[in-house]
Amino acid sequence: SQKIEQNSEALNIQEGKTATLTCNYTNYSPAYLQWYRQDPGRGPVFLLLIRENEKEKRKERLKVTFDTTLKQSLFHITASQPADSATYLCALLMDTGRRALTFGSGTRLQVQP
Amino acid sequence: DAGITQSPRHKVTETGTPVTLRCHQTENHRYMYWYRQDPGHGLRLIHYSYGVKDTDKGEVSDGYSVSRSKTEDFLLTLESATSSQTSVYFCAISGGGQDGYTFGSGTRLTVV
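Protein chains in written order, with this note's numbering: chain S, 1 to 113; chain R, 114 to 225.
Next up, chain R with everything else stripped away, as it sits in the complex (with noise of 0.2 Å):
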C-alpha cells in the first residue's frame, strides 16, 4: 500500500525464538499500529504509537514489544514466540483525529 510497508510478507519461525517485524511509513504521520488478525476475532489491537518513543498497549499486548525511535518506523518484538502467536500482522498509520488508517499488506506469521 502506499506510504506504508510492511517486512517480512511472510516468516515460519520456532517456539522460543525471538522475532522483530517492521512497519516503514513514508507519510509522516504521527500515530502507527499495529492490529492482528485471526479468524473469528477480527482484527484486534496489540500496541499503538502516538509519536517517536510514546507507545501504548493494546488489548492483546501480552508477550510483544514495540519500539519506535523515528517517526518512519514502527517495530513490533515477539521476545519468544509461542503458537498462540501464529497469526497475520497488520501495521497501521494514522494522521490522527478522525483520519482513517491506512494499512499495509501484512505479515502472516506462522509459529512452529
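Isolated chain S, as found in the complex (with noise of 0.2 Å):
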C-alpha cells in the first residue's frame, strides 16, 4: 500500500548545527512534496513546496531535496535555532482520484541552546 515515512523519533541537535529530516514514500511517483511545520496546539503551517522536476528548493536557512528515484526527501535547517524547535510534516498527493493530500506522521525536532 502507498504510505509516507517519516522519522517517529525525535531529533535532537544542537544550536547552529544543520538539522536534517527524511521523508520516505512507497509505491508512487508523486509530482510534487510539500513541507509543513507544526508547533504544538496549532495547526500546520505551509513551509515549501518541491516539483518532481526539481531536485533542491531553498528558502532562507531551509533546503528541500527531492530524489524520485530514491522515493525520498531531505528536508534541512541550517544554523539551526531553538526556535526551529517544532514537528515538520511531509505531504504529498498519493491519490489522484483523491484529491486531497496525504501526511507523514511528522517528525520532532529539538534544537537544543
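Hints were generated in silico from the structure; no laboratory data involved. Ideal Cβ placement from N, Cα and C applies to all residues, glycine included. One or more of the hints may lead you astray.
[Claimed, not checked] In silico DSBU-like cross-links for lysine-lysine, where the CA-CA straight-line distance does not exceed 35 Å:
hint	chain 1	residue 1	chain 2	residue 2
1	R	K170	R	K124
2	R	K170	S	K71
3	R	K124	S	K63
4	S	K3	R	K124
5	R	K170	S	K63
6	S	K17	S	K63
7	R	K166	S	K3
8	S	K3	S	K57
[Said to hold, decoys possible] Take a look, some chain S residues computed to stay more than 12 Å from chain R by CB distance:
hint	residue
9	Q6
10	L11
11	Q14
12	E15
13	Y28
14	K55
15	D67
16	T87
17	S105
Both chains come to you apart, so use the hints to assemble them.
Written out as C-alpha cells, the structure reads:
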C-alpha cells in the first residue's frame, strides 16, 4: 500500500548545527511534495513545495531535496535555532483520484541552546 | 490563522450524541478539507470538498458526514459520537493545484 514514512523518533541537535529530516514514500510517483511545520496546539503551517523536476529548493535557512529515484525528500535547516523546535510534516498527493494531500506523521525537532 | 476559523475550539460531548464542527474561510478558496490528528497516526483525511455541494470521502470517513452549502463554510458532523472519535480536528483550505494548505487552529473534541 502507499504510505509516507518519517522518522518517529525526535531529532535533538545543538543550536547552530544543520538539522536534516527525512521523508520516504512508497509505491507512488508524486508530482510534488510539500513540507509543513507544526507547533504544539497549533495547525500545520506550509513551508515549502518542491516539484518532481526540481532536485533542490531553498528558502532562507531551509533547503529541500527531492529524489524521485530513491523516493525520498530531505529537509534541511541550516544554522538551527531553538525557535526551529517543532514537528515537521511532509505531504504528498498520493492518490490522484482523491484530490487531497496525504501527510506523514511528522518528525519532532528539538534544538538545544 | 488568517482567513480560516474553526469552531468550537474545544468540546466535550457524550457518547451517542450528534456533534457538528464548523470551518469558516474568508479566502474564497475552492478546496476545503477535514483532517483528524491522533498520536501515532498523524493527520488523516476525513472528507474534503472541491466546491459547493461537491464533497468526497477520505481514508477515515466512517461515522462522519460533511456539508458545504456555501463557499465559505464546511461542516463536519459526527452523527453519533463514539470514544474513538476523540481527537483533534483540523480544517484546511487550498486554492487548488499545488498550493500549500492553510490550516485552522483545530478543534479538540473529547467524547466521554
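Original post:
Is it true that the CA of S/K17 sits at most 35 Å from the CA of S/K63?
Top reply: holds (14 Å)
Original post:
Is the nearest CB of chain R more than 12 Å from the CB of S/Q14?
Top reply: holds (27 Å)
Subject >> 35 Å limit on alpha-carbon distance, applied to hinted pair R/K170 and R/K124 >> reply: holds (24 Å)
**OP:** Decide, holds or violated, for the assertion that all CB atoms of chain R are farther than 12 Å from the CB of S/S105.
**Re:** Label violated. Min Cβ-Cβ 3 Å, cutoff 12 Å.
Original post:
Is R/K124 within 35 Å of S/K63, Cα to Cα?
Top reply: Violated - the C-alpha atoms of S/K63 and R/K124 are around 39 Å apart, more than 35 Å.
**OP:** Evaluate the condition: distance from the CB of S/K55 to the nearest CB of chain R exceeds 12 Å.
**Re:** Label holds. Min Cβ-Cβ 17 Å, cutoff 12 Å.
Subject >> No chain R beta carbon within 12 Å of S/L11's >> reply: Label holds. Min Cβ-Cβ 16 Å, cutoff 12 Å.
**OP:** Assess, step by step, whether the Cα of R/K170 is no farther than 35 Å from the Cα of S/K63, and give holds or violated.
**Re:** Status holds; Cα separation ~34 Å.
Original post:
Minimum Cβ separation between S/T87 and chain R greater than 12 Å?
Top reply: Check fails; 9 Å does not lie beyond 12 Å.
Original post:
Within 35 Å, alpha carbon to alpha carbon, are S/K3 and S/K57?
Top reply: holds (23 Å)
Subject >> Pair hint R/K166 and S/K3, alpha-carbon separation not exceeding 35 Å >> reply: holds (30 Å)
**OP:** Compute the least Cβ-Cβ separation between S/D67 and chain R, then decide whether it is above 12 Å.
**Re:** holds (19 Å)
In the structure shown, a violation is registered for the earlier hints numbered 3, 9, 16 and 17, in ascending order.
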